[in-house]
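So you can see what is in the structure, the chains are spelled out below.
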Amino acid sequence: MDLEKYLRIDKLPHIWCPGCGHGTILNSFIRAFAESGFDQDKTVVISGIGCSGRATGYLNFDTLHTTHGRAIAFATGVKMANPELNVIVMTGDGDGTAIGGNHLIHAARRNIDLTVILFNNQIYGMTGGQFSPMTPTGDRGTTAPYGNIDQNFDLARLVEGAGGTFIARGATFVPRQLKKIYLAALRHQGFSFVESFSQCPVSYGRQNKAGDAVEMLKKQQENTVSFKKWQELSQAEKENKYPLGILKEVDNPANEYTERYQKIIENIQKEEAL
Amino acid sequence: MQMEDEIAGMAAVVGASLAGKKAITATSGPGFALKQENLGFATMVEAPVVVVNVQRVGPSTGLPTSPSQGDVMQTRWGRNGDQEIIALAPASVAESYELTIKAVNLSEKFRQPVVLLLDEVIGHLREKIYLKSSEEVEIVNRKKPDKNQNPANYLPYQLTDDLIPPMADYGSGFKYHTSGLFHDQSGFPDGKKETAKLMQDRLHNKLHNNLEQIIIYQKDIRTDDRVAVLSYGSAARTAISAVNTGRKDNLKAGWFKLQTIWPFAEKEVAELASQVETIIVPELNQGQLIREVKKAAGGRAKVIGINSYAGELIKPEEIRALLEEVL
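So the sequence lines, in the order shown, correspond to chains X and F. Note that our numbering numbers the first sequence so that position 203 is 203, with each residue one more than the last. Note that our numbering numbers the second sequence so that position 206 is 206, with each residue one more than the last.
The set of hints was computed from the structure by calculation and includes no laboratory data. A virtual CB, placed ideally from N, CA and C, is assigned to each residue, including glycine. Hints may contain errors.
Non-contacting residues of chain X with respect to chain F, defined by C-beta distances greater than 10 Å in every case (computed) [said to hold, decoys possible]:
(1) Asp62
(2) Gly77
(3) Pro133
(4) Thr137
(5) Glu215
(6) Lys219
(7) Gln220
(8) Asn223
(9) Glu232
Beta-carbon label-pair distances, calculated as ranges [as the list claims (entries may be wrong)]:
(10) Ile268(X) with Thr65(F): 26 to 36 Å
(11) Phe38(X) with Lys143(F): 24 to 34 Å
(12) Gln286(F) with Arg187(X): 56 to 66 Å
(13) Arg126(F) with Asp251(X): 48 to 58 Å
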C-alpha cells in the first residue's frame, strides 16, 4: 500500500515529542483514508491550534491550519460551499472542547457531514501543560499545581446529546482498531466524531508521574474496555472504564445538513418553475 | 446560513471563500468585535470575503440600535498586528447596493477582506433603488492558477508582479497548505524574519500600489469655495443638505464625500486642504476619521469637527451654523 503519497514527506520529521501518541493517530488515519477509496484531491483536512493543529502540515491534501478552536466553523464553511468535498477536522482536547466547544456541539446538532478526529491527550501540550476540559479531576497541570478541581467532559456523551450521528472512541494503544474506526467515520454520511486517546508523556506525564509512553499506553489499556464488554458491566464497573469502539451510528444520509439544504434549493426552484 | 455565533460566521465565510465561493457575513458593532480575529486570519491567508458592519453606539452593547460611526477605528485597527483593510461607507440604499458589488469585486481582485461599514440610519432606511440586470453589473472574479499547471509547481503565495498570487479552489487538485502563521510562497510556515518582512510588505503594497482603483469619493468643490464639509455615511447626507441650502444664500462652501474610508484618501484630502481654508468634518463619534484628515491636511487648512455620539444625528442647521461662523 502506497501510504507515502498521503504525507508531505519533505515536512517530516514531525515536531511532536518523543513518545507522543499523535503520530499513531496520523498513521492510523492515512491507513484508513487509503482504504476508504476517497479522492485525495477532493479532500480537505482542517485543524486548529496546538499539537494536534500541526497534523495538517504533514498531510498531503488541501489543508487549512486555522485559528484556535475554530477548525469546525471553518470546515462548516468549506463543506457548505462545496458539499462534494470530504472534510475532515483534526482538533485537540483544548482546541476542540474549551475554546472550540461551542462549534463542536453545534456542528453535531446540524449533523453536517464532517469527520472530526479529536486528539485527546488530556492537557494543553504545546503551551507547557495547562489543564484542559479533558484533564481528569485531581490531576495536575501547570495551572493546577495542587490538582485540578474541574470535572472533565464525557465527550462521547456530550456529542451524542448534541445530535451527532456517528460517535466513537479509540486509543493509541490499539492502532488497528483506531484505523477501523476512522474508516467507518470517514464513510459515515453525517457528523462523525472520534475521540482518540493519545498519550503525552512530556507535558502531562511528567507532572502527573505517569511514567513513559509505554506505561501510559498500559494505563490506557487498564482504563478502557471494548464497547461490547462494557455493555455487560454493572453500573459501578461502567463508571471506571471508558468503552472503546463505535458507540453510536445512525445511518440516515437524507438527514445530513448539506443534503437538507440542497433539498430546499431544489424545492424552491421547482416552485419557481411552476 | 446562520452560524452559532459571529466568530463562527466569520470562520465559515473564510472556509467558503477557500472552497471557491464568494461569501459575505453581516453583523453590528459588538458582533464585529467578535469577528476580528478571523478577519485578521482572512487578511493573512488572503481570502476574499466581505464583512458588513451596521454600526450602533458603543462601547459594549451600547445603544441598540441608534446611529453611530463609532467603529471607524475598530475597522482600521481592531485586529492584532499591522495590517491593511479596505472599508467602504455607503450613504443611501442605492449606494449600499452599488458599494456591496464594489466590495465583493475589490475583495476578489486583491484577495483582501473588505468591510462594508454602514451606520444604523442607512441600515434601516427604505428608499427606491434601481436594480441592474446581470449584464450591467461589473463582476470581478479572483485570479486562479492555470488548469494545466502541474500542481507540484503551484505556489499559493507566489510573488507575482502585481503582488496578488493566483488562488486555487480547495478540491481542484493543488493540495496546498493554508496557515495563519507567516508563510513563504509555498504556504508553509516559515519563521524567518526576512520571510515575514517580505509578506508584510507584499500585503501592504498590493493595496497601496493600486489606491486609484480602491479609493472612491464624490465631491462638489467650486474654485471659490472657502470651506469644504468632508464626510461619509449618513453624516454625508446632512453635510450635503447643509451645503446645498447654504449655497442658496451664497455661502462659499462645498462638500466632499468619502465612499472609501480605508485606505484613507490621503492624497485627495491633502489636495482639498490646499484648495480651501477650512475643512469641517461631521462624524457620529467623538472624532475618529478627523485624525486622518488633520494628518493629511498637514496644517494647510484648518480642520474642525462637529460630533454627535450619543445616538442623535447631526442636524443640517448645526452644520449651517458652523459654516456661517467660519465664513
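Hint check:
With a least CB separation of 4 Å from chain F, Asp62(X) falls inside the 10 Å interface cut-off, contrary to its annotation. The claim that Gly77(X) lies off the interface is violated: its Cβ sits roughly 3 Å from the closest Cβ of chain F, which falls inside the 10 Å cut-off. The claim that Pro133(X) is not at the interface with chain F holds, since no C-beta of that chain comes within 10 Å of its own (minimum 18 Å). With a least CB separation of 28 Å from chain F, Thr137(X) remains clear of the 10 Å interface cut-off, as annotated.
Taking the minimum C-beta to C-beta distance to chain F, about 33 Å, the non-interface status of Glu215(X) holds against the 10 Å cut. Residue placement check: Lys219(X) keeps its beta carbon more than 10 Å from all beta carbons of chain F (closest about 34 Å). The beta carbon of Gln220(X) is kept farther than 10 Å from every beta carbon of chain F, the shortest such distance being approximately 31 Å. Listed as a non-interface residue, Asn223(X) keeps its Cβ farther than 10 Å from every Cβ of chain F; the least gap is roughly 33 Å.
Residue placement check: Glu232(X) keeps its beta carbon more than 10 Å from all beta carbons of chain F (closest about 38 Å). At about 31 Å, the CB distance of Ile268(X) to Thr65(F) agrees with the hint of 26 to 36 Å. As the Cβ distance of Phe38(X) to Lys143(F) is approximately 29 Å, the hint placing it in 24 to 34 Å holds. Separation of Gln286(F) from Arg187(X) is about 58 Å and conforms to the stated range, judged on CB atoms against 56 to 66 Å.
For the pair Arg126(F) and Asp251(X), the supplied restraint of 48 to 58 Å holds, since their beta-carbon distance comes to about 49 Å.
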